[in-house]
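Chains as they are written, first to last, in this note's numbering: chain C, 3 to 427; chain E, 3 to 427.
There may be inaccurate statements among the hints.
Unchecked claim - A partial selection of chain E residues facing chain C, derived with a Cβ cut-off under 10 Å: (1) P127; (2) L232; (3) A348; (4) A356; (5) R360; (6) L363; (7) G368; (8) N387; (9) P401; (10) L412; (11) V417.
In case anyone wonders, no lab produced these hints; they're calculated from the structure. As the structure is a computational prediction, the values presented were derived from the model and not from experiment. Positions of the beta carbon are idealized from the N, C-alpha and C atoms, including for glycine.
Given next are the chains, with one letter for each unit.
Number of protein chains: 2
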Amino acid sequence: MAVADEQDVNEVVAAAARAARAATGSLAAAPAKTIDEALRGMARRLADAHGRSGGPILAANAADVAAAEAGGMSGGLLDRLRLDEARLAAMAEQLNILADVEPEPARRTVRELGGGLVLQEWRRPVGVIGANYEARPNVTVDVASQLVKSQNGGVLRTGSAALASAIALMDEVVAPALAEAGLDPAAVQLIRARGRGSAEALVAQPGLIPLVILRGSGESTRSLAEKAALQGVRTLAHADGGGVLYVDAAADLDKAFALITAGLDRLGVCNRLNLLLIHRDRYDDLVPRVTDAVAPRVAVSLPPHDHPLGYEWALDSAREATITIAPAGGPLDAARIANDETSGLAAGIVTEDAAAAREFLSAYAGTGAFWNATTRLLDGFKLLNVPETGINIDRVPGPRGPVTFRDLSLRQYTVVPADRLADLD
Amino acid sequence: MAVADEQDVNEVVAAAARAARAATGSLAAAPAKTIDEALRGMARRLADAHGRSGGPILAANAADVAAAEAGGMSGGLLDRLRLDEARLAAMAEQLNILADVEPEPARRTVRELGGGLVLQEWRRPVGVIGANYEARPNVTVDVASQLVKSQNGGVLRTGSAALASAIALMDEVVAPALAEAGLDPAAVQLIRARGRGSAEALVAQPGLIPLVILRGSGESTRSLAEKAALQGVRTLAHADGGGVLYVDAAADLDKAFALITAGLDRLGVCNRLNLLLIHRDRYDDLVPRVTDAVAPRVAVSLPPHDHPLGYEWALDSAREATITIAPAGGPLDAARIANDETSGLAAGIVTEDAAAAREFLSAYAGTGAFWNATTRLLDGFKLLNVPETGINIDRVPGPRGPVTFRDLSLRQYTVVPADRLADLD
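Next up, chain C with everything else stripped away, as it sits in the complex:
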């Protein structure tokens, strides 16, 4: 296990990107069948948890967990770090689901041009995509498989606490399965260096890695996204999240309480209920009932707030079990608050009144909008039944909200003689 010094980490990342780039041709040229074979090969190796590949993975992971425990890592993080047979099986299942997904057509005929020519729109791989993610070993396989499915090479970087596990997963699962399918295993690289320096180096290679997926949220993601922008590197990221639910004057209260409960099933995730807006006519009646309903698990923060309205409790480990409650004047006012005071991730309305729903949905501009449904559905797998690459919050054309492998492609216009089109197949 080669672990580089931080000082040469820029060169380590650049070398990995060059190696991945040199190998991307093998992925780009592969038929879909070969790609899916490689994914199924990864799944087989994971499912063999105590066999040839599983043994080294679980051993490496045990070492990561022991080191993290010795370093004082807390319960939730430690739990995410740990692999066991069930988790390897779950990872394998995701890979098989991904292998079963039909890829988008790579070529679409747009129209006949003059002069015997025809215009096509082609979808091309990006090339080499970077990915930075927290110390969760399963993400190594998750991201690697999605890059392979989209026929992109990759440079992966994980938190130091999971590095031994990630190396084992690359060496025992990802690389051999690629090789077995006849693909170049160098196409997906893992940065085998500890420390944050490699994350910063990953977003500083615009020529080699034009796009970087940043998993996770909060300050470190925000800082990496800013560093990337300064370097001309595009990121798919959401530093901030937090779901909004607006209880309208015409809400069915059973639905409202069910959605509040559904929005709080997990408290550390970006799409959980974070800000509850209540129509002012029902505010005084509902606040004590909501407070009772969520207690004792979750506390409420009522006006006057000592924090911004969109303050994201999931990022505040000491006060994670909190929701903010505030009044709203109606659907438009609720949408305005969600647009202006929150991250723009997701917001929903509870109402039986279609006109109110229309007003809210027309005005709310975030990446996901919900009517009588929980923002917890803002998830690539739940919405699209395809593993999620990441969530991107921005306000420009391109992949936005939950991103899947289908989004990881470039548009190219291609003009060919109409009578030779068949020769390209």
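Assemble chain E onto chain C, guided by the hints.
Leaving out everything else, chain E in the frame of chain C:
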């Protein structure tokens, strides 16, 4: 005509963006019919060249032209600055074409989710989009109409030499046509300040103007795009261009010479023939014949070159009438040269050999690829029969190559009760 001092230009731009934003609701909520009525209203006002609106426009333009002449502006630029009845009529025709284009569906049902819910994908306007363009008055109407068609507000900024013309076009054509259709004319704003400061201010408002279209190319576009990235503002831009044509071993020479000629019909445009690659087996034979064929209008630059291989002659006003010629080892080598040594705008292959075409097209990653066709076709209108918003060169997912109004939208996932879907119409 109010022209601001440069010192307060940041506040001028921010105020324009706020005014546009406050008015975008009127565009976003408008049915397609109303939008198209506004575009046709603009066309009618332009066609009335010597009437109520045309008079002030031609007068303002005459003043711009006189000032530019007095300032020593050169022939080509002066010609682009000048408006006459024929040019107003051509602008009107473009508007009517745009009005006739069917917009993309705003909503698409993706799939049924569980729990009686259905997932839709909605296309939403971006909000306020910036546009910076050279001193060509027609672009004011061109860009304004495309923003209106895509239901976006806008902040436009043009070169000082065309400012009086642009103001007249806004005040006599764009704004009154919007108002006549019942839309808020404040949705499209023109920066009425002279000097480059307003261009820099335009790319420095990430909260108000998340996306800026940069027309034109060369150093000033590159510098604005870099400033935008530093501020977290996305741009649609191509600082560099230059078409590539590869003459394969199996090229039909009549086609090759016709494509060379077609690629040089205009020399100041980004998609013209800039680099001619010739298969090495035909190189010695073809170089003198090509040199003769393009002379005396265009000179050739032969190896050893005293410039980078992708050097863009269109940006070199003193040596615009030049093409670079170089040998290539075959289709893959030609694609590699085009990928690594040029801007990535567009490249083509001339060959009768389908295998060679496949190799080249599979390997070339630029925004447009051509087989027995000229890169001069890399143009939104020629390819898609829709006015072009701009050309974007980058290597990330999203609008790439020729961009049209269809690209100026945001993706939003929307979840609604399946049995209430009809209530949203």
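query = Going through the earlier hints one by one, which of them does the structure break, listed in rising order?
reply = none
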